[in-house]
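Participant: Please dock the two separately framed chains into a single complex, following the hints provided.
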Amino acid sequence: MGGSPHFKTITPPNLIAARVTGSGGVDPEAVKRAESAVAGLKDGFERAASEQVARLQNLQARFAAEAEPEPGDTLADIFRLAHEVRGQAGTFGYGLLSQVADLLCRYVERGDTGAARGASVLKALIDAMAAILARRAQGDGDALGRQLLLELQHLVGRL
Amino acid sequence: MSYNFSKLRVLVVDDSAPMRAIVRTILAGIGIEHIVEASDGAAAFQRLMTAPIDLAVVDWIMPGQDGLSFVKRVRTGNDSPNPFLPIIMVTARTERARILEARDAGATEFLAKPITPAGLISRLVEIVERPRPFVDTPAYFGPCRRRRKLDDWSGVERRGGAAGPASDAPARPAGERVHVGPGAFGGRS
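Those protein sequences? They're chains C and R, same order as listed. Positions in the first sequence are counted from 1; adding 455 to them yields this note's numbering. Positions in the second sequence are counted from 1; adding 58 to them yields this note's numbering.
Here chain R stands alone, though its shape is the one from the complex (with noise of 0.2 Å):
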């Protein structure tokens, strides 16, 4: 039986009406029915306080309190509801610096626009069957960010192994270079 999605309590943040209508109509038209928006960070942060929810949807760019500060302050802080809410993280500049900016404050897939009904059911879909454990070090509070094990890589495994999700996130040395595609961070679309 395919997924049902219906109980998902999801909150929509863009300071865009429309933008915010497209992903509710793709999350409604897979049957999500618990569907909150709000219009920055700030306001979605007191949604957070207030209501449950399973999923953030957040645009980057918004005036105020934008989509990075948002999920800076759901990871790290102090008053946050849920530091393990699972964040996906929308914007349309898809630099290799900005994906890991988004990274590294701590969300958890990235999906770039122009938004689709397979790109964002896809991303849904990570986070359903492939949950990161979290890593928390002096600099970092976050999905581990070392999640993917490439099935298909014949090259020389230097973390140590595949002995669990620890193995595969030392802090990792100066200067050492990250490899990050869509395959790393965000998966397909």
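Pulled out of the complex, with its shape left as it was, chain C reads as follows (with noise of 0.2 Å):
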């Protein structure tokens, strides 16, 4: 320990280092190991976000249909599939479709989608998250992708 009675530094013992033997590196067999059991779960993903989307659809129809209601359950539910989605998505070689959740997370914490502009926000980057996996479409996307992607941003505006 050191420094001033107001502040101090700590060595903790490395523990962590003491419990992994060898000099050094990682095996690039054990990596490339992992990557492949990563992409095992690959299918899994796409059948699960298939669903988790069809189920933002739902939660959308329902937002649009409340009156005056607190929305603020359908929108909870809403985030936390878009949340499931973005954190995935990325892993599994989908970065359009991160993108796009991640502009519904950010919209819905943004908390202005009252009205029904906010119904509309939500329901054209909801569908395009179901016609990305519809297509399959991987990576950032092409062109049309990137066109889709700016139009988005611009529909959301700034977060």
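Rather than coming from a laboratory, the hints here were simulated on the basis of the structure. Mixed in with the good hints, there may be bad ones.
Derived contacts from chain R toward chain C, CB cut-off under 10 Å, selection only [as the list claims (entries may be wrong)]: (1) Ser60; (2) Arg67; (3) Ile80; (4) Ser138; (5) Asn140; (6) Pro172; (7) Leu178; (8) Glu187.
Every residue, glycine too, gets a C-beta built ideally from N, C-alpha and C.
Facilitator: Below is the structure:
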């Protein structure tokens, strides 16, 4: 320990290093095994994401139909599902899908989803996610994908 | 000989079962056998209380006690079983303010989604090879927030040289700018 009475530095025992043997570096074969194992989860992700987007579409319809009550629960459910897709999509190569899901999360977080415009923005974002998945459009998207993202960003506005 | 991680005991915290599966799959792929899971910060803390854990990989956004609250509780809670636990904070949000918030809560590393094997493994290696000293001040307890010595830095050294971790870490003057890039907190990916 060292420093003034108001500032101390502590060097804790490096317990984690004590449990790791070997002289350094990560076996490239082990990394490949990890990558291959993660890739094996991809089909499951595509199925789950399609179901999640279908649920998002139902939630959006419910949100649009809600007259003027507190739509907080519906929006919370929309956020949770979009957050789930956002978190996983990039790992499985669906970068564009992840970016659109991120837009959806941020739009909900921003909290100005009121009135009819809110419902239409939500619909545009969720329908875009559905289209990306239906086409199995991986990566960050081709020119069409980039254009789609730009238009969605414009629609959502400054975040 | 390459690292053998098989004896590490890792806690994976995420409300999303598929996300936990991704992290578990990566960790298992590099030989880690002892992996326990929790679906929120409160459950994770209970795990820490009852089982030896060497490292936690924690998602930020979770219902109930989120990742940030978990980190703060581990670092400063009176009942924390290991305030020095290495914690990798995972999040989809990488704005500067968010990174600073995780850093100031006491996260050891920051991992942006999408999670990839290379990204997660690099954070693990960083923790093994470059452990940070801890700093204890009235306002902060956690890993030193000035860990990185920029080897290629050619500017003026304003922090008293490289005499050791203590010289690296005094409380910064109010309003001082802090560089927070991938190399400043969380490394590369």
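Participant: Would you pick out the hints that fail for this structure and give their numbers low to high?
Facilitator: 4
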